[in-house]
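Participant: Protein sequence lines correspond, in order, to chains A and B.
Counted the way our numbering counts, the first sequence spans residues 1 to 375.
Counted the way our numbering counts, the second sequence spans residues 1 to 398.
Hint data in this document are derived by calculation from the structure and do not stem from the laboratory.
Keep in mind that this is a model prediction, so the values were computed, not measured.
Beta carbons are placed, not taken as given, at the ideal position from N, Cα and C, and that holds for glycine.
One or more of the hints may lead you astray.
Below, in silico cross-link-like pairs of lysine-lysine (BS3-like), each with a Cα-Cα straight-line distance of 27 Å or less [unchecked claim]:
#, chain 1, residue 1, chain 2, residue 2
1, A, Lys320, B, Lys40
2, A, Lys209, A, Lys115
3, B, Lys110, B, Lys238
4, B, Lys388, A, Lys320
5, A, Lys320, B, Lys238
6, A, Lys320, A, Lys212
7, B, Lys110, A, Lys320
8, B, Lys273, A, Lys209
9, B, Lys388, A, Lys209
10, A, Lys115, A, Lys212
Reference excerpt, derived from the structure (chain A facing chain B, CB under 7 Å, subset only) [said to hold, decoys possible]:
#, residue
11, Ser127
12, Ser168
13, Gln196
14, Val198
15, Trp340
16, His356
17, Asp362
Each chain, letter by letter, is given below.
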Amino acid sequence: MDFSHSDDRRMLADTLERFVASNAGWQKRAAATKSAPGYDAALWAQYAELGVIGALFTPEQGGFGGAGFDVMVVFEALGSGLVGEPFLTALMSGRALAAAGGREREIEAIVDGSKVIAFAHQEGAGSYDLDTVTTTARADGAGWVLNGAKTVIHDAEGATALLVSARSAGSDNDAAGVSLFLVPAGTLGLTINGYQCVDGGRAAEIVLKDVKVDGAALVGAAGAGSAAIRAAVDAGLLALSAEALGAMGVVRDATLEYLRTRVQFGEPIGRNQALQHRMASVLVEIEQARSAVINAAAALDGAADVRERILSGTKYTIGKTGAYVAEEAIQLHGGIGMTWELPMTHFAKRLVMINHQLGDDDHHLMRYAALGRAA
Amino acid sequence: MDLSFTPAEEAFRGEVRTFYRDKLPARLAGRVRLGQQLTKAQQEEWHAILHERGWLANHWPEAWGGTGWSVTERYIFDMESALANAPRALPFGINMLAPVLLKYGSEAQKAHYLPRMLDGSDWWCQGYSEPGAGSDLAALKTRAVRDGDHYVVNGQKTWTTMGHHANMMFALVRTGDSERRQEGISFLLIDMNSPGIEVRPIITLDGEHEVNEVFFTDVRVPIANLVGEENRGWTYAKYLLTYERTGMAGIGTSTAALTWMKGIAARQKRGGKALLDDPLFAARVARAEIELANLSTTSLRVVASVAGGGAPGAESSMLKIKGTELRQEISDLTRRALGPQAQPFLPEALEEGYNGEEVGGEGSSAAAPHYFNLRKLSIFGGSNEIQKNIISKMILQL
Ligand SMILES: Cc1cc2nc3c(=O)[nH]c(=O)nc-3n(C[C@H](O)[C@H](O)[C@H](O)COP(=O)(O)OP(=O)(O)OC[C@H]3O[C@@H](n4cnc5c(N)ncnc54)[C@H](O)[C@@H]3O)c2cc1C
Numbered sequence: 001m002d003f004s005h006s007d008d009r010r011m012l013a014d015t016l017e018r019f020v021a022s023n024a025g026w027q028k029r030a031a032a033t034k035s036a037p038g039y040d041a042a043l044w045a046q047y048a049e050l051g052v053i054g055a056l057f058t059p060e061q062g063g064f065g066g067a068g069f070d071v072m073v074v075f076e077a078l079g080s081g082l083v084g085e086p087f088l089t090a091l092m093s094g095r096a097l098a099a100a101g102g103r104e105r106e107i108e109a110i111v112d113g114s115k116v117i118a119f120a121h122q123e124g125a126g127s128y129d130l131d132t133v134t135t136t137a138r139a140d141g142a143g144w145v146l147n148g149a150k151t152v153i154h155d156a157e158g159a160t161a162l163l164v165s166a167r168s169a170g171s172d173n174d175a176a177g178v179s180l181f182l183v184p185a186g187t188l189g190l191t192i193n194g195y196q197c198v199d200g201g202r203a204a205e206i207v208l209k210d211v212k213v214d215g216a217a218l219v220g221a222a223g224a225g226s227a228a229i230r231a232a233v234d235a236g237l238l239a240l241s242a243e244a245l246g247a248m249g250v251v252r253d254a255t256l257e258y259l260r261t262r263v264q265f266g267e268p269i270g271r272n273q274a275l276q277h278r279m280a281s282v283l284v285e286i287e288q289a290r291s292a293v294i295n296a297a298a299a300l301d302g303a304a305d306v307r308e309r310i311l312s313g314t315k316y317t318i319g320k321t322g323a324y325v326a327e328e329a330i331q332l333h334g335g336i337g338m339t340w341e342l343p344m345t346h347f348a349k350r351l352v353m354i355n356h357q358l359g360d361d362d363h364h365l366m367r368y369a370a371l372g373r374a375a
Numbered sequence: 001m002d003l004s005f006t007p008a009e010e011a012f013r014g015e016v017r018t019f020y021r022d023k024l025p026a027r028l029a030g031r032v033r034l035g036q037q038l039t040k041a042q043q044e045e046w047h048a049i050l051h052e053r054g055w056l057a058n059h060w061p062e063a064w065g066g067t068g069w070s071v072t073e074r075y076i077f078d079m080e081s082a083l084a085n086a087p088r089a090l091p092f093g094i095n096m097l098a099p100v101l102l103k104y105g106s107e108a109q110k111a112h113y114l115p116r117m118l119d120g121s122d123w124w125c126q127g128y129s130e131p132g133a134g135s136d137l138a139a140l141k142t143r144a145v146r147d148g149d150h151y152v153v154n155g156q157k158t159w160t161t162m163g164h165h166a167n168m169m170f171a172l173v174r175t176g177d178s179e180r181r182q183e184g185i186s187f188l189l190i191d192m193n194s195p196g197i198e199v200r201p202i203i204t205l206d207g208e209h210e211v212n213e214v215f216f217t218d219v220r221v222p223i224a225n226l227v228g229e230e231n232r233g234w235t236y237a238k239y240l241l242t243y244e245r246t247g248m249a250g251i252g253t254s255t256a257a258l259t260w261m262k263g264i265a266a267r268q269k270r271g272g273k274a275l276l277d278d279p280l281f282a283a284r285v286a287r288a289e290i291e292l293a294n295l296s297t298t299s300l301r302v303v304a305s306v307a308g309g310g311a312p313g314a315e316s317s318m319l320k321i322k323g324t325e326l327r328q329e330i331s332d333l334t335r336r337a338l339g340p341q342a343q344p345f346l347p348e349a350l351e352e353g354y355n356g357e358e359v360g361g362e363g364s365s366a367a368a369p370h371y372f373n374l375r376k377l378s379i380f381g382g383s384n385e386i387q388k389n390i391i392s393k394m395i396l397q398l
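My request is simple: use the sequences and hints to build the entire structure.
Facilitator: Here's what the structure looks like:
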């Protein structure tokens, strides 16, 4: 057994951490959030140049990394700087395209930063359920006509195209019969209504009304999109969990520092055993969360049946621990922990809201149990 | 034991319900339901409505405009107010300062300030906390020095809720340097329009402006504005704090918030089914309801034990801890219920008169900000850790 990262990976992490420390930050994120696309496009190009986007994909997929542990080190570094650029979007759409096959040109454009392809799968009626797709795709000569709506799709406003899931066969909650389409921005009938998110960044409501696309827009085989969606979500679950880990580290350090320096009743508040125990529990839970992320990183490249279950176990852990760490940190800071001005609170908000992306702790707890029964 | 209300109390409940049905503007109730701040004008509008009915300062002595209600009637009133999503009367004057003036203030102070609280002439804020004096309130440094028939005040207060709307502040200031820090503190009433006062906003993590920093530079306060005796302010301050805490069980508020949350969970879907039918979510809701039922009785027991009037003692700390934890939990469930649709942040939807569409349905964009805002409940009014210290010391005698 070896719990240290390889030299290459550590170099990637070091470079990225330094870049993030001098180029990212909650103020930048908050400022960029106010208008589309919700992030700094020039900075995105720099990340691409550094090779950070490529590190998320295997050489076969068109990148130069792509192992679970690559995804982990990248997203942990991003989380420690509250980076708002569209990494998760790039990872998920890229992984879906790679799984479907035949989309090398698009992946290349994602990796070099020239294209942002939003992952437009989530719908209101299903929320976290991966198979619920009510958006329809009707064959129309050699092309397709899409109708439906997608909810809270991140980075959609600045995207060059949307990767849209739509049902070409089967009923609302079937895994089979879901197809994926690349819909270029600006296509007639496609509406994108953007807004800010509570924890920074931007997302949008998508409406597709008689959107006509040609046959080449179909990604992979008709009706077989589910596997590609799952590949994207698997990677996304690991990425979000690692991002949370990065944010937890920042929140932990800030809170510890505050316990040491804030004086009340003539001594640092950290002298109170009641608070020492609270902080000790936070530390223990974060270490458990790190182990969960390591489990997920190792599982991402492994067999499908084990992989999904482990990823759900990880996201459950992160959802629960993220909110716990955030709430404890705010409480232990007292009034200061309630202020916009304090960097820590922005990390805390991100930690809570990560539980609203790709399934919360309840969802993944149930999924973990269900996958265990099926095995 | 008998947990039921008497017919007279039930009749009273009916009277309160009728009042809210007829007099509470839907616009105000809508904001309260979502946990949104009222504007100054809206708050004043509501005060006037309550005052007209004679219910604004219901716990005051009748001679000063109170109602003479029993503690049970007051409980029923508070409960029905919350269930109707009625705005709370601003607590700083009516609920906090008034009991202090009634007990320790001069006749002139009572005659001047109490009627002005009722008719809305004065809007009060609380000047206790300072940057270096939060949980350790007695560490406060803002100083008042006698100069003829004035005090000259220098220093800084912080976290002053609604300080940007207030024209008056009751403040704790240092007037003496005795060995016991508590013995050199006085209770002063300060006109916020005095020269030398500067109010600066503090923006909270949900992007709202409700608290402020207040700076004092050579502010002259007439000696007549001293409450009680010089250097005895700590006694008055603590008396006030027990009143501040008692209101925090929030049974009615929690009941209303639970109902609202269940409405969201009934229309939100998971895998095509209603979230309220999801076993894990249903269990979370059930736990909150059970806690609430228990707390409701705990709260009534505390109320009954002080049925002779006055303020409860260390028991109010129990209500504060449990009540605030429960309100925070319900706000967590509301945010959770919205799933991915809790993410959108629409500052414009929080403003009055917004009638655009919200992603997760009406009021959904308030859910996550409100959850973050309510983190304050376990911090202010004496943090929940401080309440546990009080229970350890006063009840457990540890
Ligand atoms: C939204 C909001 C509105 C407010 N409105 C007002 C207002 O209108 N007027 C006013 O005067 N004040 C107001 N306050 C201030 C509030 O009363 C203080 O925030 C509170 O007393 C805590 O003080 P602090 O923020 O300095 O935290 P600190 O006292 O620094 O506490 C930090 C942490 O240490 C813990 N701690 C401190 N001492 C101990 C101990 N001995 N044992 C165990 N734990 C301990 C606390 O519980 C907390 O978790 C408001 C605060 C907020 C957040």
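Participant: It remains to establish, for every hint, whether it holds in the given structure.
Facilitator: Hints and how they fare:
1. A:Lys320 to B:Lys40: Given that 27 Å is the threshold and the Cα spacing comes to 38 Å, the pair is violated.
2. A:Lys209 to A:Lys115: At roughly 24 Å apart (the allowed maximum being 27 Å), A:Lys115 and A:Lys209 satisfy the hint.
3. B:Lys110 to B:Lys238: Measuring from Cα to Cα gives roughly 20 Å; hence the hint holds.
4. B:Lys388 to A:Lys320: Distance ~25 Å between B:Lys388 and A:Lys320 Cα, so the pair holds.
5. A:Lys320 to B:Lys238: Cα-Cα ~38 Å, so violated.
6. A:Lys320 to A:Lys212: 42 Å, violated
7. B:Lys110 to A:Lys320: Measuring from Cα to Cα gives roughly 52 Å; hence the hint is violated.
8. B:Lys273 to A:Lys209: 25 Å, holds
9. B:Lys388 to A:Lys209: Since the Cα atoms of B:Lys388 and A:Lys209 sit roughly 58 Å apart, the hinted pair is violated (cutoff 27 Å).
10. A:Lys115 to A:Lys212: Status holds; Cα separation ~21 Å.
11. Ser127: With Cβ-Cβ at 4 Å, under 7 Å, it holds.
12. Ser168: 19 Å, violated
13. Gln196: This hint holds: A:Gln196 lies near chain B, its Cβ roughly 5 Å from the closest one there, short of 7 Å.
14. Val198: 4 Å, holds
15. Trp340: At 4 Å from the nearest chain B Cβ, A:Trp340 passes the 7 Å test, so the hint holds.
16. His356: 5 Å, holds
17. Asp362: At 4 Å from the nearest chain B Cβ, A:Asp362 passes the 7 Å test, so the hint holds.
Hint check: violations occur at hints 1, 5, 6, 7, 9 and 12; the rest are consistent with the structure.
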